[in-house]
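Enquirer: Sequence:
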Amino acid sequence: MSPPVSCVNPLQGTASDSAFSTGNTLPLVARPFGMHHWIPQTSSGPWYFHPAHRLLRGIRLTHQPSPWMGDYSSLLITPFHGPVQEKIENLSSAYRLIACGPHYLETDSLRYQINSRLTPSERGAFLVFTAATDEPLQIRFHFDGHHTLDGQSGKNEFHGHTDDHSWGVLRPYPLHFYGQFSAAPHRFTALPDGGYWTFPPSVRRLELRLGGSFLDDIAARATLQRELADKSLETLRDETAQIWNQLLERLAIQPKSETQARTYYSCLYRCLLFPRQLGEPGPNGQTVHRSPYDGQIHSGPLSTDNGFWDTHRTVYPLLALGYPDHLKIILEGWLNACRQAGWSPKWASPGLRDCMIGTHFDAVVADAVARGVTDWNVEEAFTYLWKNATVPSDSGYYGRRELEDYLRLGFVPADKGYHAPVSVTLDYAYDDFCVAQVARFLGRHKEAEQLEPRTRSYRNVFDPAVGFMRPRLSDGSWQEPFREFAWGNGFVEGGPWQHTFNVPHDPEGLATLFGGAKPLCDKLDTLLSLPPRFEAGSYGQEIHEMTEMALAHFGQYAQSNQPVHGFLFLYTLMGQPQKTAHWVRKVAGELYSPDVFPGDEDNGEMAAWYVWATLGRYPQCPGKPDYVEFPPLAQPSAVSILANR
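Each residue of the sequence shown is one higher than the one before, starting from 5 at the first, in the numbering used here.
Honestly, the hints are just simulated from the structure, not real lab data. Do not take every clue at face value.
Pairwise CB distance ranges (calculated) [unchecked claim]:
no.: 1; residue 1: H190; residue 2: S399; range: 48 to 54 Å
no.: 2; residue 1: V470; residue 2: D398; range: 30 to 36 Å
no.: 3; residue 1: R209; residue 2: K260; range: 41 to 47 Å
no.: 4; residue 1: P396; residue 2: G376; range: 32 to 38 Å
no.: 5; residue 1: G447; residue 2: L174; range: 33 to 39 Å
Derived pair list, reagent style DSSO-like, types lysine-lysine, alpha-carbon separation capped at 30 Å [to be verified]:
no.: 6; residue 1: K450; residue 2: K628
no.: 7; residue 1: K527; residue 2: K590
no.: 8; residue 1: K522; residue 2: K583
no.: 9; residue 1: K159; residue 2: K235
no.: 10; residue 1: K590; residue 2: K628
no.: 11; residue 1: K583; residue 2: K260
no.: 12; residue 1: K391; residue 2: K450
no.: 13; residue 1: K391; residue 2: K332
no.: 14; residue 1: K583; residue 2: K527
Glycine residues also receive a C-beta, built at the ideal position from the N, C-alpha and C atoms.
Modelling step: build the complete structure from the supplied sequences, incorporating the hints.
Expert: Right, here's the structure in full:
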């Protein structure tokens with residue numbers, strides 16, 4: 005079999021836009037969990053690349069985790085010749101994408117007859133530009149926001165910083181970079197958005213080594229010396245490929261076809277990109293990082309670019325299974341984020357962001373504990389979980405704004421202006437379960453017993469008269485009218501069909517609400533057989549998740565979004581495992597390919613679902629150590645950790 009890295013297609017999911025997502029991904033060339041990502045850029049952001057675009061603007065250093073979150077600390081490198089254009093898009097060229105793998109990018113610019121190659125290091129990259137004409141080669145750096153660029157005219161070294169951010173950071177939070185060309189430029193010309201170097205006509209092949217650091221210029225230069233100075237592009241490319249192969253082989257499979265191999269390893273690659281690690285060697289060699297929360301330098305790792313509402317479901321259990329050594333560092337990085345923010349983040353990019361619902365760092369910690377990843381400071385992490393569960397928040401960036409009403413009523417009411425109160429109630433009941441699991445692990449039985457009744461709060465928003473979860477008012481009455489196909493209102497990115505079964509921690513209790521295991525399975529049968537009807541509801545327009553569900557032809561089952569991802573495994577828990585096997589195989593086979601995902605990929609979550617489907621097990625309730633097992637789509641290979649247990 006070919007090395008796993010050769011099966012990875014970073015373009016999977018990139019044929020997307022704001023109206024329809026096949027992943028909403030970027031073709032990221034990077035080290036696993038690397039500080040910087042690199043892409044071919046074909047358009048303005050936040051959709052910086054689309055495979056149907058015919059013009060290339062250059063190679064972008066990006067930190068964007070999702071188009072919905074935006075980029076930060078970015079720059080664009082464009083090779084060209086001839087007159088400079090004021091607008092960077094006017095330098096765009098027809099191009100051919102020669103190669104795009106996790107470890108290597110190569111393009112041909114047809115307008116300029118320049119070949120560009122790149123391979124990444126942990127915190128930098130090695131680029132080679134080769135011109136096919138005798139026109140003077142020029143290299144332009146373009147920035148989207150505030151920046152400095154010292155081109156040091158006549159020298160082959162330069163440095164600067166970029167401080168472009170949308171939100172999620174206390175400014176200033178610059179990325180410092182230091183670069184070396186293999187030849188001295190003839191001149192450097194500054195521009196309002198950056199600048200460009202012009203090289204003598206004799207320079208037909210130009211190497212560029214570029215190091216980046218969030219610490220300072222000195223650290224950026226040290227990055228270049230440490231990671232790039234004594235290596236060729238080929239050596240670094242092979243080193244990066246080996247690193248990827250070693251991680252991909254931990255969960256290697258015996259694929260039944262080339263298509264399955266390409267889909268599986270492309271998905272597994274997506275699971276190993278985020279969360280981004282911002283730690284880097286300090287002056288004494290110890291790991292340090294600059295915090296986006298307070299702007300100061302702290303010791304230890306720092307994790308970022310993750311939304312826990314998405315990733316807690318599939319990514320973190322997968323890391324615990326195959327990559328517990330990396331997960332330990334990631335968790336230490338999140339604990340540092342908690343220390344600096346004072347709360348656990350909901351979405352970090354690079355600092356606190358107000359996005360989505362719940363406090364699902366609770367689930368990440370609970371799942372790590374349940375699966376034996378405990379050689380880090382779980383005791384301190386619990387202080388932030390307990391804060392989530394007991395201290396009302398006045399912000400959407402962290403904590404639970406609705407906590408007082410949730411505790412008083414047993415549910416989040418729909419008449420207080422809260423966002424998605426039914427979905428929030430379901431999430432809080434599950435989050436309380438997760439906090440209780442960690443409390444029990446630490447021997448804090450009083451706290452666990454205090455939370456136990458709250459884990460059943462989901463029952464308070466179930467109306468047996470309609471057979472669904474639904475919005476409830478502060479006086480205990482149900483919000484009228486009830487519309488089973490309407491999205492929004494009490495729900496986030498879905499409606500009653502997409503959220504009613506979202507009780508991962510208590511499937512037996514959920515079944516009781518429906519009258520037992522068989523009625524619950526019958527309701528799931530209906531979910532999968534109904535027409536994909538929907539109403540825009542409180543969204544007021546058709547959002548892309550609605551479109552994706554309607555075109556998937558799986559009834560009301562919306563694989564394009566996360567809340568349904570555990571639903572198919574309820575069949576097995578309710579005694580009908582053949583239906584789990586049937587529907588998992590059907591969803592994996594029809595909605596995933598080497599080129600597309602069913603919807604937003606979301607930092608490994610959508611991809612990890614396919615990995616679990618292939619392996620034949622699913623973490624139906626992160627925070628519990630067990631899996632739902634079913635026939636795998638492929639067997640583990642001899643080198644897989646699964647085959648050697």
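Enquirer: Against each hint, give a clear statement of whether it holds in the structure.
Expert: Structure-based check of all given hints:
Distance hint check for H190 and S399: the Cβ-Cβ separation is about 53 Å, which falls inside the suggested range of 48 to 54 Å. For V470 and D398, the Cβ-Cβ distance of about 34 Å falls inside the hinted range of 30 to 36 Å, so the restraint holds. Take R209 and K260: their Cβ atoms lie about 44 Å apart, and the range 41 to 47 Å holds. Here the CB-CB span from P396 to G376 is close to 33 Å, well matched to the stated 32 to 38 Å.
One distance hint, 33 to 39 Å for the beta-carbon pair G447 and L174, holds here, with the actual separation near 37 Å. The straight-line distance between the Cα atoms of K450 and K628 is roughly 20 Å, inside the 30 Å bound, and the hint therefore holds. Between K527 and K590 the CA atoms are separated by roughly 19 Å; this keeps the pair inside 30 Å, and the hint holds. For a cut-off of 30 Å, the pair hint linking K522 to K583 stands: about 12 Å separates their Cα positions.
Distance restraint check for K159 and K235: the Cα-Cα separation of roughly 21 Å lies within the 30 Å cut-off, and the hinted pair is therefore satisfied. With a C-alpha separation of about 27 Å, the suggested pair K590 and K628 falls inside the 30 Å cut-off, and the hint holds. Distance restraint check for K583 and K260: the Cα-Cα separation of roughly 22 Å lies within the 30 Å cut-off, and the hinted pair is therefore satisfied. With a C-alpha separation of about 15 Å, the suggested pairing of K391 with K450 holds against the 30 Å cut-off.
With a C-alpha separation of about 22 Å, the suggested pair K391 and K332 falls inside the 30 Å cut-off, and the hint holds. With a C-alpha separation of about 13 Å, the suggested pair K583 and K527 falls inside the 30 Å cut-off, and the hint holds.
The structure is consistent with each of the numbered hints, conforming to all of them.
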